[in-house]
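The task is simple: from the sequences and hints, build the whole structure.
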Amino acid sequence: MNRKELIAEIKKKKSCLCVGLDTDLEKIPGHLLEEEDPLFAFNKEIIDATAPFCVAYKPNIAFYEAYGLQGWKSLEKTMAYLRQYYPNHFSIADAKRGDIGNTSTRYAKAFFNKLGFHSITVAPYMGEDSVKPFLAFKNKWSIVLGLTSNSGARDFQFAPVGMEQTPLYETVLRKTSSWGNTENLMFVIGATKAEHLRKVRAVIPEHFLLVPGVGTQGGSVEEVMTHGAIPGEIGLLINASRSILYASSDKHFAKTAASEAARLSQQMVKFFL
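All residue numbers for the sequence shown refer to our numbering, where the first residue is 1 and numbers rise by one.
Among the hints, erroneous ones may be present.
What the hints assert, rightly or not - The following label-pair restraints were derived from C-beta to C-beta distances:
(1) Gln70 to Leu273: 43 to 49 Å
(2) Glu35 to Arg154: 40 to 46 Å
(3) His31 to Arg174: 49 to 55 Å
If you're looking for bench data, these hints aren't it; they were derived computationally from the structure.
Yeah, the Cβ is synthetic: ideal placement off N, Cα and C, and Gly gets one too.
This is the structure we're talking about:
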């Protein structure tokens with residue numbers, strides 16, 4: 001999916017909501033555990049219920065790797081279902097990969113070619129040659145960790161660098177943005193760091209941002225849209241996971257999830273007017 005197509009979907013729905021598929025067998029409704037593939041059964045119902053209100057889905061790969069071969073099968077089935085029934089929804093492999101060049105190429109082939117994802121999250125710590133292999137795939141996106149929403153982000157990401165004592169995350173954004181372009185490179189900026197979005201936009205004014213941390217983690221949709229949206233394009237994918245997935249644990253969980261997705265999406269509408 002290219003940038004023009006993604007922007008068109010966002011404008012059509014007046015929403016930039018991304019639903020994180022952090023599917024945990026310990027949290028899904030108990031009746032689904034009787035299914036042959038509980039992970040996929042849960043994902044399918046969530047996707048069908050929330051698709052009208054979002055433009056993207058983001059499976060967190062760790063939640064599938066944890067279940068070994070069966071987890072990978074569930075992930076493959078989830079991606080096949082998205083490609084068949086919701087091909088206009090952007091897909092993100094939240095894998096946070098990053099290694100030496102030939103290893104990164106194999107990661108890219110696994111998630112882009114084998115599983116069919118539109119994008120993958122990438123850790124930039126090892127430098128340009130660990131990110132460039134992901135950028136070599138046409139119409140695929142690398143989403144680089146820029147400023148994350150976890151409390152430990154301050155351990156390194158705000159460390160002063162150089163004579164001007166620029167926060168490290170700003171240096172990472174500026175340097176990494178030169179490796180690709182606005183057609184193949186996005187950045188993760190946590191919603192709980194919304195007060196820094198103006199600084200982020202000063203460094204990377206045109207790149208799409210994936211913004212996790214809305215919902216359970218306390219991030220504000222309005223603050224993110226106000227400080228991070230690109231005029232006329234939006235340029236954001238705002239992710240919510242647990243607040244949607246586990247809004248209810250009864251047999252009507254999908255309907256409740258849809259209501260939460262609709263509520264978050266509705267908060268975005270005024271920014272399209």
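Worksheet item: Has the hinted range 43 to 49 Å been met by the Cβ atoms of Gln70 and Leu273?
Response: At 46 Å between Cβs, range holds.
Discussion item. Range first: 49 to 55 Å. Now tell me if the beta carbons of His31 and Arg174 are that far apart.
Written reply: holds (50 Å)
Discussion item. Can you tell me whether the CB distance of Glu35 to Arg154 sits inside 40 to 46 Å?
Written reply: Holds, at about 42 Å.
Of the numbered hints stated above, none is contradicted by the structure.
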